[in-house]
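J.: Sequence:
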Amino acid sequence: MINNSLNYQINDHKSALKNFAMNFTQNIDDADDLVQETMLKAIRYSKLYQEGTNLKGWLYTIMRNTFINDYRRTVKQRSIIDTTEEVNSAQLMKSATLNEANNKFISDDVNKALAQLSYEYYTPFIKYFEGYKYHEIADMLNIPIGTVKTRIHVARQSLKSNLKMYNQEFKKSNKIN
Numbered sequence: 196m197i198n199n200s201l202n203y204q205i206n207d208h209k210s211a212l213k214n215f216a217m218n219f220t221q222n223i224d225d226a227d228d229l230v231q232e233t234m235l236k237a238i239r240y241s242k243l244y245q246e247g248t249n250l251k252g253w254l255y256t257i258m259r260n261t262f263i264n265d266y267r268r269t270v271k272q273r274s275i276i277d278t279t280e281e282v283n284s285a286q287l288m289k290s291a292t293l294n295e296a297n298n299k300f301i302s303d304d305v306n307k308a309l310a311q312l313s314y315e316y317y318t319p320f321i322k323y324f325e326g327y328k329y330h331e332i333a334d335m336l337n338i339p340i341g342t343v344k345t346r347i348h349v350a351r352q353s354l355k356s357n358l359k360m361y362n363q364e365f366k367k368s369n370k371i372n
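Residue numbering for the sequence shown follows the working numbering, beginning at 196 and increasing consecutively.
I should point out that these hints are in silico values taken from the structure, not numbers from a laboratory. Any given hint could be a false lead.
To be verified - Simulated crosslink set (DSS-like; lysine-lysine; CA at most 30 Å straight-line):
id, residue 1, residue 2
1, 209, 328
2, 328, 242
3, 322, 307
4, 213, 251
5, 344, 359
6, 355, 307
7, 236, 307
8, 344, 251
9, 359, 322
10, 322, 344
11, 251, 328
12, 213, 307
13, 242, 355
14, 307, 242
15, 209, 344
16, 307, 251
17, 209, 242
18, 355, 328
19, 236, 251
20, 307, 328
21, 359, 328
22, 209, 251
23, 307, 359
24, 213, 236
25, 213, 344
26, 251, 359
27, 213, 242
28, 355, 344
29, 236, 209
30, 322, 355
31, 328, 344
32, 236, 344
33, 359, 236
Since the structure is predicted, the reported quantities are computational estimates derived from the model, not experimental observations.
Let the hints inform the model, and build the full structure from the sequences given.
T.: Printed below as a string of structure tokens:
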């Protein structure tokens with residue numbers, strides 16, 4: 196259960212949280228919802244807050260992660276495959292053949308990049324990729340949640356660096372289309 200002192204401290208940051216939420220949502224109602232959800236999560240996970248650390252930063256992190264997760268969820272819900280364009284069987288065969296070959300090369304490169312990660316970075320990243328939450332990974336590996344976040348971040352940066360050629364190709368292909 197949350198202590199009253201922390202509850203008051205969280206409530207004291209409500210206006211700053213609302214300003215921060217407006218930067219994300221650009222909408223008053225959505226910002227209010229985001230602030231409310233952030234405060235509820237802060238209360239729910241208050242035992243994870245370490246007294247004497249930056250409460251405002253902790254709240255901002257909760258808000259940012261909540262916004263990102265909600266955004267991802269919304270994007271997935273809105274993604275619809277357009278089946279109105281007719282495609283003949285010759286186009287499908289050519290496309291499937293090219294995709295299979297490209298995917299094989301990409302898959303090999305991704306596996307090589309993953310193999311270059313040390314165990315301490317590989318394991319949390321793979322667990323996160325499999326859908327585990329930060330706190331679940333921390334519990335599994337018996338390490339602090341901050342360490343989990345850092346290791347996942349470092350793994351992402353390493354993979355991004357090792358696979359930057361695909362990012363450049365992706366940018367080029369999107370400019371053409």
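J.: Quick one: which hint numbers does this structure break? Sort them smallest to largest.
T.: 7, 12, 13, 14, 16, 26 and 33
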